[in-house]
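Using the hints provided, position chain R relative to the given structure of chain F.
Protein sequences appear in the order of chains F and R.
Note that the working numbering gives residue 116 to position 116 of the first sequence, counting from 1, and the numbers run on in steps of one.
Note that the working numbering gives residue 116 to position 116 of the second sequence, counting from 1, and the numbers run on in steps of one.
Just to be clear, a hint being listed does not mean it is correct.
Pulled a few chain F residues facing chain R out of the computed Cβ check, cut under 7 Å [claimed, not checked]: (1) GLY20; (2) PRO40; (3) GLU53; (4) LYS57; (5) ASN70; (6) ALA122; (7) GLY138; (8) SER141; (9) SER189; (10) VAL199; (11) PRO201; (12) PHE385.
Subject to a maximum C-alpha distance of 16 Å in a straight line, what follows is the list of computed EDC-like cross-link-like pairs (lysine to aspartate or glutamate) [claimed, not checked]: (13) LYS44/F <-> ASP28/R; (14) LYS8/F <-> ASP252/F; (15) LYS3/R <-> ASP106/R; (16) LYS152/F <-> ASP58/F; (17) LYS87/F <-> ASP58/F; (18) LYS386/F <-> GLU41/R; (19) LYS158/R <-> GLU47/F; (20) LYS127/R <-> ASP115/R; (21) LYS71/F <-> GLU96/F; (22) LYS158/R <-> GLU53/F; (23) LYS282/F <-> GLU260/F; (24) LYS152/F <-> ASP252/F.
Since the hints were made in silico from the structure, they are not lab data.
Beta carbons: idealized from backbone N, C-alpha and C, even for Gly.
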Amino acid sequence: MPRTMAEKILQKHTTDEVTGAGQIVSCKVSLVLANDITAPLAIKSFERMGAKEVFDKDKIALVCDHFTPNKDIDSAEQVKVVRDFAKKMGITHYYEGGNVGVEHALLPEIGLVGPYDVVIGADSHTCTYGGLGAFATGMGSTDIAGAMALGKTWFKVPPCIKVEFTGTLPKHVYAKDLILKLIGEIGVSGARYMALEFVGPVVDALSMEGRMTIANMAIEAGGKAGIFPVDAKTLEYTKQAGRNDTELLTPDEGAVYAREVTIDVSDLSPQIACPHLPDNVKPVEDVTDITIDQAVIGSCTNGRIEDLREAAAILKGKKANKNVRLIVLPATPAIWKQALKEGLIETFMEADAVVGPATCGPCLGGHMGILAGGERAVATTNRNFKGRMGSLESEVYLASPAVAAASAITGHLTHPKDI
Amino acid sequence: MYKGKVHKVGAHIDTDAIIPARFLVSTDTEVLGKSLMEGLEAGWVSRVSKGDIMVADENFGCGSSREHAPLAILGAGIPVVLAKNFARIFYRNGFNMGLILLELGDDIDKIDDGDELEIDAKAGVIKNLTKGIEIKTAPVPPFMQEILNQGGLVPYVKNRLASA
Numbered sequence: 001m002p003r004t005m006a007e008k009i010l011q012k013h014t015t016d017e018v019t020g021a022g023q024i025v026s027c028k029v030s031l032v033l034a035n036d037i038t039a040p041l042a043i044k045s046f047e048r049m050g051a052k053e054v055f056d057k058d059k060i061a062l063v064c065d066h067f068t069p070n071k072d073i074d075s076a077e078q079v080k081v082v083r084d085f086a087k088k089m090g091i092t093h094y095y096e097g098g099n100v101g102v103e104h105a106l107l108p109e110i111g112l113v114g115p116y117d118v119v120i121g122a123d124s125h126t127c128t129y130g131g132l133g134a135f136a137t138g139m140g141s142t143d144i145a146g147a148m149a150l151g152k153t154w155f156k157v158p159p160c161i162k163v164e165f166t167g168t169l170p171k172h173v174y175a176k177d178l179i180l181k182l183i184g185e186i187g188v189s190g191a192r193y194m195a196l197e198f199v200g201p202v203v204d205a206l207s208m209e210g211r212m213t214i215a216n217m218a219i220e221a222g223g224k225a226g227i228f229p230v231d232a233k234t235l236e237y238t239k240q241a242g243r244n245d246t247e248l249l250t251p252d253e254g255a256v257y258a259r260e261v262t263i264d265v266s267d268l269s270p271q272i273a274c275p276h277l278p279d280n281v282k283p284v285e286d287v288t289d290i291t292i293d294q295a296v297i298g299s300c301t302n303g304r305i306e307d308l309r310e311a312a313a314i315l316k317g318k319k320a321n322k323n324v325r326l327i328v329l330p331a332t333p334a335i336w337k338q339a340l341k342e343g344l345i346e347t348f349m350e351a352d353a354v355v356g357p358a359t360c361g362p363c364l365g366g367h368m369g370i371l372a373g374g375e376r377a378v379a380t381t382n383r384n385f386k387g388r389m390g391s392l393e394s395e396v397y398l399a400s401p402a403v404a405a406a407s408a409i410t411g412h413l414t415h416p417k418d419i
Numbered sequence: 001m002y003k004g005k006v007h008k009v010g011a012h013i014d015t016d017a018i019i020p021a022r023f024l025v026s027t028d029t030e031v032l033g034k035s036l037m038e039g040l041e042a043g044w045v046s047r048v049s050k051g052d053i054m055v056a057d058e059n060f061g062c063g064s065s066r067e068h069a070p071l072a073i074l075g076a077g078i079p080v081v082l083a084k085n086f087a088r089i090f091y092r093n094g095f096n097m098g099l100i101l102l103e104l105g106d107d108i109d110k111i112d113d114g115d116e117l118e119i120d121a122k123a124g125v126i127k128n129l130t131k132g133i134e135i136k137t138a139p140v141p142p143f144m145q146e147i148l149n150q151g152g153l154v155p156y157v158k159n160r161l162a163s164a
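Bound conformation, chain F alone (with noise of 0.2 Å):
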């Protein structure tokens, strides 16, 4: 029978024969991730499951990103609970302070997924991983509980969307205008209970960073994963982490899918998510007139280094507009050095930006850039839901770093061909 991805992946993990779309399988975890924000719940769970040990104390990853460095007493008290835990459990994958980094992109450079894994995760951008190929997807603290004390979980299997990319990706345009043009078309809630798996020539020349990108997204069409293939360029990257990925994975010639979409990029612009749905999607020409107050790089969306190039490409030799306040946030402490060494740190100095530590920060409102009412930010994040990132009468404009970068020194929603 000819398989999806999704279907081949939870094959290998699962003793159960995978027949096709709404069939429930159990399947073993490659690995269980929590951060500071659903760990404490998780491990509440966990205990008043019963559980005295952890199935694997090598297959849990705990990462506190989200509020740390800790902004407040509480979220203080909340990384305890989850430092003590990893203590007691002996787990080795914990990350905090120098070693922590947003942990969509910590995990993927440290080797701790890929190809072919199951990974859940509780955090909604567990897809990220989609990128490398593995079946990643979030769940809730509870059902990371389970899984920490068993080793398994329970998927539907879901049914599958097929995306193609065609044709050449202009100057400027990049993963994260593909990612918005597709939830502008399929709406936000377009993959709901299914898994996006994504094919072409487009997809075939992205880099890995720019797979993850997408891949990150799939959440915010309300897709439960988002999966490319595996190839050459694929395994180079696992290498790299310190894996040992040797097979290939594409969908098999056949495959059912529910619904297929091709997109043809060559005429792309730069895209914008205006608020406050991620499906509120424009081209950037239809929005210049839109000032702005704050703009964010950074995240597990566009934090990587590919980004920080992007972002500095831009601003080199120039300054962020004085009604602008430029954050860029480097996702782990390895973009960080790399960024520092590169000498894009200097230039976004140089720029006036605020750098700051690898954070999830002002992403999901946590802290480090936090917006008043009436204000307006350009953020490479993922999510522009009312009052994401601050005040109920603020506002979030999605876009890839370039556009962020333009923008800031501008001052208004810029295509970066006009700087």
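Just chain R now, kept in the frame of chain F:
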């Protein structure tokens, strides 16, 4: 059987609307309940009485995986949410927490803000007492029913660990 007054909200109500990030420094159900829907409208929860029912349009609970969202709803005293349909992670979390979720599709339009409902969740029958009509929904999937029958995911896993 549940009986209560309807508080109707719109489409694509996200988890940031249900419980904004700034309240996620607690895992206490009662504490979270006090801030329910604070991301939709300040003070929204003040009009809710224990046993009231929330009714939403499509894609309720989209966004974050935060289990604080169903906990906040339960903490405010709301035992059931009806929606046109639910976002995936929220749906799973709801059952895990013991919050009853029923998908009504287009029948959701037969319920208005302030209506009195009587809900038989097991049979999937909703009586709109204000309008004098009855709405039937699809039964809860068997696997979810099994988790509900055992009292949520915590006792479900506890039982499995005990029998291992």
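Comparing the hints with the structure gives:
{"no.": "1", "hint": "GLY20", "in the structure": "violated, 16 Å"}
{"no.": "2", "hint": "PRO40", "in the structure": "holds, 5 Å"}
{"no.": "3", "hint": "GLU53", "in the structure": "violated, 10 Å"}
{"no.": "4", "hint": "LYS57", "in the structure": "violated, 17 Å"}
{"no.": "5", "hint": "ASN70", "in the structure": "violated, 10 Å"}
{"no.": "6", "hint": "ALA122", "in the structure": "holds, 6 Å"}
{"no.": "7", "hint": "GLY138", "in the structure": "holds, 4 Å"}
{"no.": "8", "hint": "SER141", "in the structure": "holds, 5 Å"}
{"no.": "9", "hint": "SER189", "in the structure": "holds, 4 Å"}
{"no.": "10", "hint": "VAL199", "in the structure": "violated, 23 Å"}
{"no.": "11", "hint": "PRO201", "in the structure": "violated, 30 Å"}
{"no.": "12", "hint": "PHE385", "in the structure": "holds, 4 Å"}
{"no.": "13", "hint": "LYS44/F <-> ASP28/R", "in the structure": "holds, 10 Å"}
{"no.": "14", "hint": "LYS8/F <-> ASP252/F", "in the structure": "holds, 9 Å"}
{"no.": "15", "hint": "LYS3/R <-> ASP106/R", "in the structure": "violated, 22 Å"}
{"no.": "16", "hint": "LYS152/F <-> ASP58/F", "in the structure": "holds, 15 Å"}
{"no.": "17", "hint": "LYS87/F <-> ASP58/F", "in the structure": "holds, 13 Å"}
{"no.": "18", "hint": "LYS386/F <-> GLU41/R", "in the structure": "holds, 10 Å"}
{"no.": "19", "hint": "LYS158/R <-> GLU47/F", "in the structure": "holds, 10 Å"}
{"no.": "20", "hint": "LYS127/R <-> ASP115/R", "in the structure": "holds, 10 Å"}
{"no.": "21", "hint": "LYS71/F <-> GLU96/F", "in the structure": "holds, 14 Å"}
{"no.": "22", "hint": "LYS158/R <-> GLU53/F", "in the structure": "holds, 13 Å"}
{"no.": "23", "hint": "LYS282/F <-> GLU260/F", "in the structure": "violated, 22 Å"}
{"no.": "24", "hint": "LYS152/F <-> ASP252/F", "in the structure": "violated, 26 Å"}
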